[in-house]
Amino acid sequence: MSALFPLRVSGAKSSRRGNVLVGPVDLELSGAGTTVVIGPNGSGKTSLLAMLHGTNRLNAGRIDWAVPQDQARAQQAFVFQRPILLRRSVIQNIAYPLLMRGMTRKTALNRATEWSERVGLGAMLDRPAQSLSGGEQQKLALARAMICDPQLLFLDEPCAALDGRATREIEAILQSVAASGTDLIMTTHDLGQAQRLAQDVVFMLHGKVHECTSAKEFFTAPKTNAARAFLRGDIVE
Amino acid sequence: MADLWGGLVQAFWLIVTFDADLFEITLRSLYVTLTALVIACLIALPLASLLAVKRFRWRRTVIGVLNALMGLPPVVVGLIVYVLLSRSGPFGVFGLLFTPTAMIIAQVIIIVPLVASIAHQSLRELWTDYHDLLISLNVTQAQKMRTLLWDARRALLTAALAGFGRGIGEVGAIMIVGGNIDHATRVLTTAIALETGRGDFALALGLGFVLIALAVAVNLMIHGLSRTEVEGRW
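Quick mapping for you: the protein sequence lines, in order, are chains D and Z. Mapping to our numbering: the first sequence position 145 is 145, numbers consecutive. Mapping to our numbering: the second sequence position 162 is 162, numbers consecutive.
Chain D extracted, bound-state conformation (with noise of 0.2 angstroms):
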C-alpha cells in the first residue's frame, strides 16, 4: 500500500458547463492493490478517475489524499482508454515524462529502454508510435505511465479496443505493475477482467457510486439490486 492512502473522497462533484459528470460521491478507499470501478456506459466511471486524478475539475466537495495534492498528484500517472501518442517514435515516447521532469537525456533514454522491454516492445524502439497496432499502443501508453515510478496509476478501460490475446498481455504488465507495490485504480465494463484483477470493487452508476466493497464480497454477495441485475447480465438502466 502507497503512501498516498486513505483516500477520503465526501461529496465531490465535477461538472463541465452546467451538465454533472460524476457526483456528488462519497468514498473511501485504503487502496490495497486493484480497484474496479465498473458500471454500465455513461455512469461516469471515466469522469471520476479523471476527477480523482485532478485533470477534470472538481466543482464541490473534498478529495483528501494522505499527502498534499500536489505531491499525491506526482505520484499518479493515468492511463487513457484511446492511448495518446505523441507524434514520436516509441522510445521518444516513453521517456517523455522523464524528460519533462528534468531527467538528462541518456539516463531517460535508458530507462525507456528497460521499460520498453519489459512491457514486449524493445524490437521497435525507433519506430513511429502511430505506426503500432492497437495492442501495442496500449503497452506503450502503459511503459510511459510506468516510467515515473508512480505509486498509483489509473486505467480507464484499457482493453476496450483489444482482442483476447493482446488483453492477455495488458493485464500481465498489470499484474507484474501491481505486485511491483504500485496501486491501481481502472474501469472496465469487462466483468471476466473485474473478476480476474480486483481486490476492491466500486459500482458505479448515474454518475454516483452506487456500492464499494471487497472484489470477493460484491461478486458472491452484492447489496443492491442493481449490482445483482449487472453481474446477472441485464441491461441496467
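Hints may be right or wrong, so weigh each one.
Stated by the list, open to error - Partial list, computed: chain D residues near chain Z (C-beta under 7 angstroms):
{"id": "1", "residue": "THR55"}
{"id": "2", "residue": "PHE78"}
{"id": "3", "residue": "ILE84"}
{"id": "4", "residue": "LEU86"}
{"id": "5", "residue": "PRO97"}
{"id": "6", "residue": "MET100"}
Said to hold, decoys possible - Listing some non-contacts, in silico: residues in chain D with all C-beta distances to chain Z over 10 angstroms:
{"id": "7", "residue": "GLY18"}
{"id": "8", "residue": "ASN41"}
{"id": "9", "residue": "GLY61"}
{"id": "10", "residue": "LYS106"}
{"id": "11", "residue": "GLU117"}
{"id": "12", "residue": "GLN151"}
{"id": "13", "residue": "ALA179"}
{"id": "14", "residue": "HIS189"}
In case anyone wonders, no lab produced these hints; they're calculated from the structure. We put the beta carbon where it would ideally sit given N, CA and C, even for glycine.
Given the structure of chain D, go ahead and fit chain Z onto it with the hints provided.
Quick look at chain Z alone, frame taken from chain D:
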C-alpha cells in the same frame, strides 16, 4: 506571345551570363525576405503555440484579429511603416527609411499574421490530441508549447513557406519604404515594376521568370532538407 518568348530568352541570358545586377537584386530579395521570415517566425510560432495552450479572456478575439490581418494590404503596411520611419516620424532618428532594414520591418509585419494563423491552426489540432496526456503529466506551460512546436514542425514548415511566398512576391510595401533605389534597395519585384513601367517587357518578364524560379527552388530545397513526404506522416 513574342513578349513572353523574349522574356524567356532574356531570363536565360541574364542567368547564363551571370549578370551582376541580376545577382545583386536577387540576393537582396532573398536577404530581405529570408531575414523577415526568420524574425516573423520567431514572433509568430511562440505566439501561435501560446494561443493554442493558454486560455485567457481575449483569446478568441486575438485569433480572429490575426486571421483577419492575413489579408493586410501591403501598400497600407508600407505607408504606415513609412510614416513611422520618416524623418519627422517617431523612429526617424534611426535613419532607416529607404534601407533594406525598413523593407524587412515592413515584411515582418505582413508575414507575422499569416504564419501565426496557419501555425495556430495546426497547433490547435495537435493540442486537442495531446491535451489530456499533457494535463495528466502536469507539464509546465512552456513545456507544452515546446512539445507542440516540436511535434508539429512539419506543419509549421508549411506555415513558414506560405510566409516566404507572401514576402518574396510582395511589392507594395517594399516599394514605398525601400524606394527601389538602384544598388541599395532594388529587389526583384520592384525591378519588375520599374521595367514594366519603362516598357522593357522582355527584361521585366526575364526578372519575373527568375523570381518564380527562385521561389520554386527555395520551396523544393526546404522540402528536400526537411524530408517531407519521405519519412512518416509528421
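10 angstroms Cβ clearance of D:ASN41 from chain Z: Holds, since 19 angstroms exceeds 10 angstroms.
Can the hint on D:PRO97 be confirmed by a CB-to-CB distance to chain Z that is less than 7 angstroms? Holds - the Cβ of D:PRO97 comes within 7 angstroms of chain Z, reaching about 5 angstroms at its closest.
Can we confirm that no CB of chain Z comes within 10 angstroms of the CB of D:LYS106? holds (19 angstroms)
Is the shortest C-beta separation between D:PHE78 and chain Z less than 7 angstroms? holds (4 angstroms)
Would you say D:ALA179 is clear of chain Z, with no C-beta pair closer than or equal to 10 angstroms? Correct as stated: the minimum Cβ-Cβ distance to chain Z is 24 angstroms, above 10 angstroms.
Given D:ILE84 as an interface hint, is the shortest Cβ-Cβ distance to chain Z below 7 angstroms? Interface hint status for D:ILE84: holds (4 angstroms vs cutoff 7 angstroms).
Restraint outcome when D:MET100 is required to lie within 7 angstroms of chain Z by C-beta distance: holds (5 angstroms)
Exclusion check [D:GLY18 not at the chain Z interface, CB over 10 angstroms]: holds (18 angstroms)
Closer than 7 angstroms between Cβ atoms is the bar; does D:THR55 clear it against chain Z? Give me holds or violated. holds (5 angstroms)
Given as non-interface: D:GLY61, partner chain Z, CB spacing beyond 10 angstroms: holds (21 angstroms)
May I ask you to test the interface hint for D:LEU86 with respect to chain Z, counting a Cβ-Cβ separation under 7 angstroms as satisfied? Since chain Z brings a Cβ to about 6 angstroms from D:LEU86, closer than 7 angstroms, the hint holds.
Beyond 10 angstroms from every chain Z Cβ - status for D:GLU117: holds (22 angstroms)
Violated hints: none; the structure is consistent with every hint.
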